[in-house]
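Undergrad: Please work from the sequences and hints to get the whole structure.
Each protein sequence line maps, in turn, to chains A and B. Be aware that the first sequence starts at 1, since it is given in this note's numbering, and climbs by one per residue. Be aware that the second sequence starts at 336, since it is given in this note's numbering, and climbs by one per residue.
Since the hints were made in silico from the structure, they are not lab data. Take these hints with a grain of salt, some might be off.
Derived DSSO-like pairs (lysine-lysine); straight-line CA-CA distance at most 30 Å [claimed, not checked]:
hint: 1; chain 1: A; residue 1: K198; chain 2: A; residue 2: K216
hint: 2; chain 1: B; residue 1: K520; chain 2: A; residue 2: K185
hint: 3; chain 1: A; residue 1: K252; chain 2: B; residue 2: K405
hint: 4; chain 1: A; residue 1: K265; chain 2: B; residue 2: K605
hint: 5; chain 1: B; residue 1: K551; chain 2: A; residue 2: K19
hint: 6; chain 1: B; residue 1: K588; chain 2: A; residue 2: K148
hint: 7; chain 1: B; residue 1: K587; chain 2: B; residue 2: K600
hint: 8; chain 1: A; residue 1: K185; chain 2: A; residue 2: K198
hint: 9; chain 1: B; residue 1: K588; chain 2: A; residue 2: K70
hint: 10; chain 1: A; residue 1: K253; chain 2: A; residue 2: K270
hint: 11; chain 1: A; residue 1: K270; chain 2: B; residue 2: K588
hint: 12; chain 1: A; residue 1: K185; chain 2: A; residue 2: K148
hint: 13; chain 1: B; residue 1: K588; chain 2: B; residue 2: K605
hint: 14; chain 1: B; residue 1: K425; chain 2: A; residue 2: K185
hint: 15; chain 1: B; residue 1: K533; chain 2: B; residue 2: K551
hint: 16; chain 1: B; residue 1: K405; chain 2: A; residue 2: K216
hint: 17; chain 1: A; residue 1: K265; chain 2: B; residue 2: K587
hint: 18; chain 1: B; residue 1: K533; chain 2: A; residue 2: K198
hint: 19; chain 1: B; residue 1: K483; chain 2: A; residue 2: K265
hint: 20; chain 1: A; residue 1: K270; chain 2: B; residue 2: K483
hint: 21; chain 1: A; residue 1: K70; chain 2: B; residue 2: K605
hint: 22; chain 1: A; residue 1: K270; chain 2: B; residue 2: K600
hint: 23; chain 1: A; residue 1: K216; chain 2: B; residue 2: K425
hint: 24; chain 1: A; residue 1: K216; chain 2: B; residue 2: K588
hint: 25; chain 1: B; residue 1: K533; chain 2: B; residue 2: K520
hint: 26; chain 1: A; residue 1: K270; chain 2: B; residue 2: K405
hint: 27; chain 1: A; residue 1: K253; chain 2: B; residue 2: K425
hint: 28; chain 1: B; residue 1: K587; chain 2: A; residue 2: K253
hint: 29; chain 1: B; residue 1: K520; chain 2: A; residue 2: K148
hint: 30; chain 1: B; residue 1: K533; chain 2: B; residue 2: K588
hint: 31; chain 1: B; residue 1: K533; chain 2: A; residue 2: K70
hint: 32; chain 1: A; residue 1: K252; chain 2: A; residue 2: K265
hint: 33; chain 1: A; residue 1: K252; chain 2: B; residue 2: K587
A partial selection of chain A residues facing chain B, derived with a Cβ cut-off under 7 Å [stated by the list, open to error]:
hint: 34; residue: F215
hint: 35; residue: S238
hint: 36; residue: L243
hint: 37; residue: V251
What follows is a list of derived Cβ distance ranges for each label pair [as the list claims (entries may be wrong)]:
hint: 38; chain 1: B; residue 1: K587; chain 2: A; residue 2: V259; range: 16 to 22 Å
hint: 39; chain 1: B; residue 1: D667; chain 2: A; residue 2: H202; range: 37 to 43 Å
hint: 40; chain 1: B; residue 1: R451; chain 2: A; residue 2: G168; range: 47 to 53 Å
If you're wondering where the values come from, they're calculated on a predicted model, not measured in any experiment. By construction, the Cβ of each residue, glycine as well, lies at the ideal position given by its N, Cα and C atoms.
2 protein chains.
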Amino acid sequence: MTSVPRIGIDAMGGDFGPKPVAEGAALALREWPGRFRLTLVGDEAEIRAHLGVADITVVHAAEKVDMAAKAAAAARRSGTSLGVLTQLHKDGQLDGIFSAGNTGAVVASALLGLGRLEGVSRPALAAFFPNVGQGTVVLDVGANAEVKAAWLVQFAHMGSCFARYLLGHENPRVGLLSIGEEESKGNQLVQEALPLIKAARHLNFIGPVEGRDLFKGTCDVMVTDGFTGNVLLKTAESAASFLGRSVRDEVKKDPLAMVGAFFMKRALAKLRSRIDWQEYGAAPLLGVNGVCFIGHGSSGPRAFRSAIHTLTSFVEQRVNEHIREEIQADHDTAA
Amino acid sequence: MTSVPRIGIDAMGGDFGPKPVAEGAALALREWPGRFRLTLVGDEAEIRAHLGVADITVVHAAEKVDMAAKAAAAARRSGTSLGVLTQLHKDGQLDGIFSAGNTGAVVASALLGLGRLEGVSRPALAAFFPNVGQGTVVLDVGANAEVKAAWLVQFAHMGSCFARYLLGHENPRVGLLSIGEEESKGNQLVQEALPLIKAARHLNFIGPVEGRDLFKGTCDVMVTDGFTGNVLLKTAESAASFLGRSVRDEVKKDPLAMVGAFFMKRALAKLRSRIDWQEYGAAPLLGVNGVCFIGHGSSGPRAFRSAIHTLTSFVEQRVNEHIREEIQADHDTAA
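TA: As structure tokens, this is what we get:
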């Protein structure tokens, strides 16, 4: 690693092409000048058309991965912006990479190209949720539809390191997602994972938690399989947009309420900036031997800006080293 | 069944004792006079203390099930309000029963006392979610932490009948909860269930759906295991209360916004009545040989009122007969 993190972005990933990528890069450079170096990978002409600032490297890639492409096949194509980006990271020319493209393809590409961290059986996708507390990291939210109980222990270590070094939780409280606080509840996976997580000495395990704990801030890290986590992620996000839309619809029917909404604009904008996913807009794929974050397909400039910032911090804080050490320490204690 | 549905309520279930039960009963009687007969079961003196109207039968039960009691043991105690209520239904003296008590105990009591409908392997708890469409029924939301693929087909039939006869969906669209619309995605259970649900001729199956489809109204019935469904239910509910609370907190910090909130009161009250769970406040345990609905522990008078109405409609519409017929028809087609 050089002294300044070198961050690479898949400029062709995401629903809107290189435009929001270039705009987000410009925002980040203005806000944190000198803190990172940026490389955008993709169709050079298209990227340059949107690039106002000079301080960004562009690496050309002729092809791109379609949002609907099959993950494994897409990850094997080397000429795509995603393939070139991953290769640059593998070759040590970048310290962290980000794509808002086809999630399955990014996961597969990272697994193939970067491999796994020592001690990690399966990488997991982690998502950050703002809540009444300091926010909660949930993993896995979709990298592994089926998991083994032992992997959940590794997820707990990875999530703890992320919460500690990136979110500032000194001793992150880890919860195992279940359907009741009682240890007797939950499915077979939960029953198998409970004794394993409890036995891990370097975890601050607080016990089983429920779906409602996500927004209560009961724990800092919530561990689950990638099927349940993905359902939770998509349900929570769509609940927020459904409620927002419902309020707007109801207000539009009532002239008095429209006046009220005008007065509330400033407060609602503040709230939005606190809970909007675009502020956190990047999910780390924890457990790969590298730094790979994945974004929403609909990421706008603010999401790219936030992603660049989070990636930079992840590299600076050497989160992967901490994950490796913590998993190793746990093995040593157990042995 | 007599001409007027006889509805029984566990007056000791729920966090607030018989008071909201009696108040909810009074509300329902005033709103739909003559449409049902009511029986409250529990401590007779306590119930009568809150009972203003005369037109309600009270059956005494000396004991009650604690909210924290172990489900199976609690369900075996016969002297509790829940036990007496279930027995009255089993004996044919009631056409439908409702409890806002310990969910596990109510499920266990119904299973033990009433048994299963013909053709049903496992009953499932169904929850109704308001959304941008006509609302979606999700099952199972917690009766079975582990399920077999074949049970999901039965859940689909049960949910379809509920959606058709109680929610007015003529040809309910059934979705299988997964983590992508592609049939190749999802966990092992989804992979095993897909061909079975597709083969069921009497279902209007639209394919795999995602967590976000819950609020989009993509399907009328969403089928999943009781672990995932419970996480989805609790996440969605807590997302709504988190957002509501966040708006209130932000508004309180801003005097201008407080003025705005005053103007918006009427519109927000309308919205609340449309999406508040107390309006739908009862989840049917579909597949038992009887009519058993379960409510939130924190049910207030409005939730009991709504539950009485939904139970009455369920009995009137003979939903269980339709479930039995539909599952039988599917067996006959398959054979």
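Undergrad: Given the hint that K252 (chain A) pairs with K405 (chain B), does the C-alpha gap stay at or below 30 Å?
TA: violated, 49 Å
Undergrad: With the threshold set at 30 Å, check whether the alpha-carbon distance from K425 (chain B) to K185 (chain A) stays at or below it.
TA: holds, 28 Å
Undergrad: Mind checking the alpha carbons of K270 (chain A) and K483 (chain B) for me, to see if they're no more than 30 Å apart?
TA: violated, 46 Å
Undergrad: Taking 16 to 22 Å as the hint, is the beta-carbon distance of K587 (chain B) and V259 (chain A) inside that range?
TA: holds, 19 Å
Undergrad: Take the C-alpha atoms of K216 (chain A) and K425 (chain B), compute the straight-line distance between them, and say whether it is at most 30 Å.
TA: Distance ~40 Å between K216 (chain A) and K425 (chain B) Cα, so the pair is violated.
Undergrad: Holds or violated: are the alpha carbons of K253 (chain A) and K425 (chain B) at most 30 Å from each other?
TA: Outside the cut-off at roughly 49 Å; violated.
Undergrad: Hint F215 (chain A) vs chain B: min CB-CB distance below 7 Å?
TA: holds, 4 Å
Undergrad: With respect to the beta-carbon atoms only, verify the hint that R451 (chain B) and G168 (chain A) lie 47 to 53 Å apart.
TA: holds, 52 Å
Undergrad: Is the Cα-Cα distance between K270 (chain A) and K588 (chain B) 30 Å or less?
TA: holds, 11 Å
Undergrad: With a cut-off of 30 Å on the C-alpha distance, tell me whether K185 (chain A) and K148 (chain A) pass.
TA: Holds, at roughly 18 Å.
Undergrad: Would the hint linking K533 (chain B) and K551 (chain B) be met if the CA-CA limit is 30 Å?
TA: holds, 23 Å
Undergrad: So, as I understand it, the hint says L243 (chain A) touches chain B; can you test that by seeing if any CB pair is closer than 7 Å?
TA: holds, 5 Å
Going down the numbered hints, you'll see the structure goes against 3, 6, 9, 18, 19, 20, 21, 23, 26, 27, 30, 39, while the others check out.
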